[in-house]
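Let the sequences and hints guide you as you build the complete structure.
Listed here are the chains, written in short residue letters.
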Amino acid sequence: MSLKIEVNDLYKIFGPNPGLALERLEKGMSKEELLQKTGHAVGVYDVSFTIDEGEIFVVMGLSGSGKSTLVRCINRLIEPTRGEISIDGLNITTLPLEKLRAVRQEKLAMVFQRFALFPHRTILQNVAYGLEVQGMERAAREKKAQEVLETVGLKDWGNVYPEQLSGGMQQRVGLARALAVDPDILLMDEPFSALDPLIRKEMQEELTEMQLKMRKTIIFITHDLDEALKLGDRIAIMKDGAVVQIGTPEEILTNPANDYVASFVTDVDRSRVLKAENIMMRPTCLVRATDGPRVALRKMEEEGLSSIFVVGENRTLKGIVTVDRAVEAVNTGETDLLKIADEDIPVTSPETVIHDLIPAAVEAKVPIAVVNENRKLLGIIVRVSVLAGLIGKGDENRSLQDSA
Amino acid sequence: MKIEAYKIPLDDWADFTVAFLRDNFRPVFRWFSGIIESFVYGLEDILMMAPEILFILLVAAIAWRLSGRGTAIFSLAGLLLLASMGLWPETMRTMALILTATFIALVIGIPLGILSSHSDVVWRILRPVLDFMQTMPIFVYLLPAVMLFGIGIVPAVIATIVFSMPPAIRLTNLGIRNVPGEVVEAAHSFGSSSFQTLTKVQLPLAMPSIMAGVNQCIMLSLSMVVIAAMIGARGLGGVVYRAITRLEIGSGFEGGVAVVIIAIVLDRITQSMGKEPQKNRGT
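Just so you know, the protein sequences line up as chains Z and S, in that order.
Following the working numbering, the numbering of the first sequence begins with 146 at its first residue and continues without gaps.
Following the working numbering, the numbering of the second sequence begins with 25 at its first residue and continues without gaps.
Among the hints, erroneous ones may be present.
Per label pair, the in silico range of CB-to-CB distance [unchecked claim]:
1) Ser193/Z - Thr159/S: 53 to 59 Å
2) Leu180/Z - Val145/S: 24 to 30 Å
3) Ser311/Z - Val131/S: 41 to 47 Å
4) Leu82/S - Pro342/Z: 56 to 62 Å
5) Ser193/Z - Ser218/S: 30 to 36 Å
6) Ser217/S - Asp414/Z: 42 to 48 Å
Within a straight-line C-alpha distance of at most 20 Å, the following computed EDC-like cross-link-like pairs (lysine to aspartate or glutamate) qualify [said to hold, decoys possible]:
7) Lys375/Z - Glu496/Z
8) Lys244/Z - Glu209/S
9) Lys444/Z - Glu458/Z
10) Lys224/S - Glu287/Z
11) Lys224/S - Glu243/Z
12) Lys224/S - Glu277/Z
13) Lys484/Z - Glu458/Z
14) Lys384/Z - Asp371/Z
15) Lys299/S - Glu308/Z
16) Lys224/S - Glu282/Z
17) Lys224/S - Glu308/Z
18) Lys384/Z - Asp369/Z
Derived by calculation from the structure, the hints in this document are not laboratory data.
Ideal placement from N, C-alpha and C gives every residue a C-beta, glycine not left out.
Pasting the structure below:
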């Protein structure tokens, strides 16, 4: 993956004399003092991060944490006070207006919290707006807009006006308008916050699905941690204009950088965030298909297990052998493990969230096998680790499993 | 000690300025005067070319199309009444006067309104000027206007412009400033130039407000017709002014009613022009 966006030491200070305010901050004045004494508000405070191509980078924070200001600095709807933002290696903070407009037209598109559709234009004209600004011919841009409308499921709505659509549909138009210009980067400023919960969930799922095909670089702003954990490849948590922690959802959950982040994640429904790969244990005790039942039996005895997974070449999962079947095989003289192995066993992919494993875990008499798309055995999950994952003892639990 | 002793000689300054302009820039004023005069008289000729009945039907048709049946019927009846009172030529003269004044006021006022909506500095400077234009008693600048442009239709047009332009500026400024910030941001985020944002987003969305400004501009122009008549403008104002000075209550009333009829017709038509975008948007 290549580097797409780079933000270095970014500051935004609102007020009559931001430069002076910045100097005072550097001399150690606190943000509160700065606001009270000089009337300058700190929007973004010393923020640095990089975003890879095709990544969904979520910026999470409460209202007033500076997340909307941050995203507007990236397309310079708000001029940063200091710092550097590069897109594809091009420093856009110093770009003259004409060149900035070109970057906005070619690389960036934005989706807004309150949709920000043009009320005097039809849906089709809304979606075609970006192309119109670029100077595309009417017929061509309307054709393109119609195609994009179809991908968001609104193909018959092109001729109506925004106010005739529901909130969810309006935001689909907002998304279509952004996608119509085929941008490299999507800036999404709390796009689903104004929608009711059911529609929000639906939109989140659709975005995830679309992203599989599009592979856009997305900066997604939200105040909802569940949304952040669901969508983000990585998450930056902001407080008072500064980034408190950047990490993958799992890192944020299992290893919060400070009390502020920790207080956020206590309420999270972990079962919908933690994935199979986070709670699985390494399959240390396996038997190869070419080994006989005796080997299997001995290994089970050594480890004190009642069943053991059988793998072929490259650790492909073949099945599971229980201690009873192994004893039986030894007695009857059967030497082929594959004949006594049970192939009908619960398997799951490493990306499955724990929530979806619960039914299988409840019913399964044997551990759940975690396999990749080639059926390579990556790990196993026993019932207790699902439960442990739910109550948030991820790390301790893993070491417990390893020793088991 | 009397404060009077420290008088700032505003009166002398005003005298001096007018005298200075008159003595040094007379050709400029005359030239400008000529342009406006030919504009008004040209428009008068055009308006009077059409037969009255054709004109009345045309206005009624426009009213029907833009505003609906009620206004159309009122326009038809009202204008027929005007014509029957024998005030048709005067009505057309008044129309020529207010249309010229409104046109010039809008040509200056709407760009100024756009400018003030984009710059707080411009707006801070312009606001007291507009207050001045709207509240300064008309005769105070009417007289200097006569001195500079000579008696007749031109100082009347100038005074009308001064009086009627402020609402066009104010409402254009207000309309553009009231366009939701997020919508303007959206336009910018797609790389629109300022001009594209203005023409594709801000002006269309501010249109109802701007049209209200146009409407106010016309209404205020109409309210000036009698004063305009005092300095030599012809038309319905002249009818009323003459009647008043001769104490002819009846014909004064006729002239007054004629002004009201034109006012209502123009008001309804221009108001519905402002509302048109919303009407189309209905389901």
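We went through each hint and held it up to the structure:
no.: 1; hint: Ser193/Z - Thr159/S: 53 to 59 Å; result: holds, 56 Å
no.: 2; hint: Leu180/Z - Val145/S: 24 to 30 Å; result: holds, 26 Å
no.: 3; hint: Ser311/Z - Val131/S: 41 to 47 Å; result: holds, 43 Å
no.: 4; hint: Leu82/S - Pro342/Z: 56 to 62 Å; result: holds, 58 Å
no.: 5; hint: Ser193/Z - Ser218/S: 30 to 36 Å; result: holds, 32 Å
no.: 6; hint: Ser217/S - Asp414/Z: 42 to 48 Å; result: holds, 47 Å
no.: 7; hint: Lys375/Z - Glu496/Z; result: holds, 12 Å
no.: 8; hint: Lys244/Z - Glu209/S; result: holds, 18 Å
no.: 9; hint: Lys444/Z - Glu458/Z; result: holds, 19 Å
no.: 10; hint: Lys224/S - Glu287/Z; result: holds, 16 Å
no.: 11; hint: Lys224/S - Glu243/Z; result: holds, 18 Å
no.: 12; hint: Lys224/S - Glu277/Z; result: holds, 10 Å
no.: 13; hint: Lys484/Z - Glu458/Z; result: holds, 17 Å
no.: 14; hint: Lys384/Z - Asp371/Z; result: holds, 17 Å
no.: 15; hint: Lys299/S - Glu308/Z; result: holds, 16 Å
no.: 16; hint: Lys224/S - Glu282/Z; result: holds, 16 Å
no.: 17; hint: Lys224/S - Glu308/Z; result: holds, 18 Å
no.: 18; hint: Lys384/Z - Asp369/Z; result: holds, 14 Å
When held up to the earlier numbered hints, the structure conflicts with none and fits them all.
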